[in-house]
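2 protein chains.
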Amino acid sequence: MNINNKDLKSNKKIIVLGGDGFCGWPTSLHLSNLGHEVVIIDNLSRRNIDNELEAESLTPIQPMGTRLRAWEEITEKKIGFYNIDIAENYDDVLQVIQDVQPDVIVHFAEQRSAPYSMKTPKHKRYTVNNNINATHNVLCAIVESGLDIHLVHLGTMGVYGYGTAGMKIPEGYLDVEVQTEAGDWVGQQILYPTNPGSVYHMTKSQDQLLFQYYNKNDNVRITDLHQGIVWGTNTRETKLDERLINRFDYDGDYGTVLNRFLMQAAVGHPITVHGTGGQTRAFIHIQDTVRCVQLAIENPPTREEKVMIFNQMTETHRVNNLAKRVSELADAEIAYVSNPRKEAAENDLHVKNDLFLSKGLEPITLDEGLLQEVTNIAKKYVDRVDYSKIPAKSTWTKEQKPGTIDQTTKNIATGKGV
Amino acid sequence: MNINNKDLKSNKKIIVLGGDGFCGWPTSLHLSNLGHEVVIIDNLSRRNIDNELEAESLTPIQPMGTRLRAWEEITEKKIGFYNIDIAENYDDVLQVIQDVQPDVIVHFAEQRSAPYSMKTPKHKRYTVNNNINATHNVLCAIVESGLDIHLVHLGTMGVYGYGTAGMKIPEGYLDVEVQTEAGDWVGQQILYPTNPGSVYHMTKSQDQLLFQYYNKNDNVRITDLHQGIVWGTNTRETKLDERLINRFDYDGDYGTVLNRFLMQAAVGHPITVHGTGGQTRAFIHIQDTVRCVQLAIENPPTREEKVMIFNQMTETHRVNNLAKRVSELADAEIAYVSNPRKEAAENDLHVKNDLFLSKGLEPITLDEGLLQEVTNIAKKYVDRVDYSKIPAKSTWTKEQKPGTIDQTTKNIATGKGV
Ligand SMILES: NC(=O)c1ccc[n+]([C@@H]2O[C@H](COP(=O)([O-])OP(=O)(O)OC[C@H]3O[C@@H](n4cnc5c(N)ncnc54)[C@H](O)[C@@H]3O)[C@@H](O)[C@H]2O)c1
Ligand SMILES: NC(=O)c1ccc[n+]([C@@H]2O[C@H](COP(=O)([O-])OP(=O)(O)OC[C@H]3O[C@@H](n4cnc5c(N)ncnc54)[C@H](O)[C@@H]3O)[C@@H](O)[C@H]2O)c1
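Sequences listed follow chains W and G, in order.
For the first sequence, UniProt numbering gives the first residue as 1, with consecutive numbering after it.
For the second sequence, UniProt numbering gives the first residue as 1, with consecutive numbering after it.
Bound-form chain W, shown alone (with noise of 0.2 Å):
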């Protein structure tokens, strides 16, 4: 079974690091459907830290060797698998890559969560450790093994920061005037200067560097997908059988923000909303990050481009107003927590996302459907939810007090003052 390959240029071979992942396995579906073959390389650490944090998928995912049975079952294609931890066996890597010789790599397989990456020193140390080395280890190997592969990794909007005043926030780099020693103002084009919030933010910045030099001196290509929030769970792909089902965080360090409140509604736990809910942030559906990374595989730079950034977002909230969204959708109530981490309580957020729309993006939008899809999911698999898990535990610093009810942020944010 082909369930759409219409959109198939033409067969590649493709590497998914971390293709276990919440982003990484619809995507290596999406892509082994449209007829590509697909290799995945993941060495489930975010399975490991599930039972870390004693905090488990809502929904439940099966075993990686029960997936790939699955998808075989059902649509006749295969799908291989490596266990490899890309930051620490770079050999595997490089045998893998000649091995498949890919075409394209696709890169999910780092540490993701901003707060685990700030609970303590050890979390701080293992993100940088794992981000860093990863993605190093990936860039090396494709340059030692002389085979021209297009690098497609996955990026955050994170990195450029919030409120640059009055600036629409563009893709990837910045038109600047500097001032000569003559004292003439002269353009120039930089990368973004990056403005991460978390340690987790500052290591897709220290990936940025690695692209830049590596593309320069190696002439390696390389796309970075700075992705907003993603929300949704499914995807056409993984609803085709129960086996197949996606990955959903709810927890306080991994459940990312749209999802948690949809699932807190979904099961009777009020919406955590930290602070006074006035930072706006960027968001895209994972049907539609599936789809843009199929986008940016179609549309590789050549090798006498730079780095091609795109910013892979449909649309920018404001966490309080998705908060009462969600609210009266499912008639639940607010709860105004501290805010666990340092951060602006309020801003703005005006992104660019011209590149993706110019290649033919069709951009998912928040939608009564797709959010009740979200609910009943939650719904479904509420027997799962171990409440404890769901307030946000880690703080940025150490003097921060997680989860406290903060009745003064709750005011100015429903708007009775201070």
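Please note: incorrect hints may appear among the correct ones.
Remember, identical chains collapse to one label, so a pair may be satisfied in a single copy or spanning two.
[Unchecked claim] With a straight-line Cα cutoff of 27 Å, these simulated DSSO-like cross-link-like pairs (lysine-lysine) come out: (1) K306 / K168; (2) K393 / K216; (3) K122 / K77.
The hints are simulated quantities; they were obtained by calculation from the structure and are not laboratory data.
Fit chain G with the ligands to the supplied structure of chain W, relying on the hints for placement.
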């Protein structure tokens, strides 16, 4: 004996990371001599790399134990020493910090050779892993210790990249104008957009993001010294006794340009100029390095201030001009060989160093006497020279052929045309 403590403003506890190295050793002696309490942490990796490369310091540096005993004998001052890999053994670093309770940590402990960082994937990976984890571990440990420690880090002029047309390189930050959605141009100050020239230089750009983040999130007080190429070998303190002698690298990987020229001329080897020698570089004498670190320690930022960045250099020179000068001084030949680096053949470089000048630095610049001193050291230890280690053999890409004599560039460099 206390050869000079007139500069001492107050007695501090200082940990010197990388205190066995070329800059770290004389700095440790200088600070100890000023009356500060000095503790060195070093894993002796630089000496181990000597073993790996089968290339030794031109000068017969003594083991740490001998060095420290000699220092105590001469000055009655004790310097502590711990053999710890700061990139690998976080808990030990934290323990020393908790025991010593330092006011200042000076951080020299990184793999610092650009050619070494480009040799093979193994060397690239070692450099990234060692440098990023070393710096990150120090930052984590400072935060975890809860102490208000001033971190002084050695960065490099090389992060700036070269060739920003007509602009004087500022100290760390750049004033730019960016355009708002409304179309106005507004001023902003950003971290200078880096354009590193090797994997080693790239790690220093990544370090900058670590500093920016830990300063923002945890108010760590940080001074980052963007240092030029250090030349010379001895300082006031290392001259006191043969056993205190400083490292002198002359090999193709660790030897830096001016010291290499002086040594080559002294031992009767042609002066090896890469390409046309048209690159302009920034320089500083080792005696000024130790003085600058002292000034940085005496002028710490407050906890509210952002990372303080100084350009630690005193002059710039075009490499070919240096070669000619040394050639005249020592009546030595120049050999033009293919450039192992990937860089522009020619560049200008104008650098601000107002900050150190304003703090009282009286720059030591190229002077016959000092050049002669280096030459004398090279002559004294000529028996220790392994001539086969002089040529640069590491190249920036697999395609480049190291060390071939290049008649065309020679003609350009010597004004004979192409
Ligand atoms: N989920 C989001 O909202 C979101 C938003 C923006 C960007 N991103 C980025 O997209 C990528 C994927 O995110 P996700 O939500 O799917 O995360 P995830 O944690 O669900 O998936 C990451 C996968 O990578 C694997 N992995 C991590 N380190 C590895 C290593 N060293 N070797 C091998 N495998 C390793 C994990 O086991 C996991 O399966 C990440 O890079 C993330 O930063 C995600
Ligand atoms: N020498 C120069 O011309 C120059 C120029 C600009 C900047 N710098 C910077 O100044 C600093 C010192 O340079 P140097 O010339 O003295 O180098 P060096 O190699 O002589 O000294 C570095 C010292 O750090 C130690 N070290 C490295 N990694 C370590 C780790 N993980 N744990 C513990 N110790 C470790 C080494 O053993 C060595 O003794 C470096 O950061 C370098 O980048 C040097």
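Pop the pair K306 and K168 into one bin, within, between, both or neither, using alpha-carbon distances up to 27 Å. Answer is both: 22 Å inside a copy and 25 Å across each meet the 27 Å cutoff.
One pair to classify: K122 and K77, alpha carbons no more than 27 Å apart. Within, between, both, or neither? neither (40 Å within a copy, 37 Å between copies)
Regarding K393 and K216, is the shortest C-alpha distance of 27 Å or less found within a copy, between copies, in both, or in neither? between (41 Å within a copy, 21 Å between copies)
Checked against the numbered hints given earlier, the structure breaks only hint 3 and satisfies all the rest.
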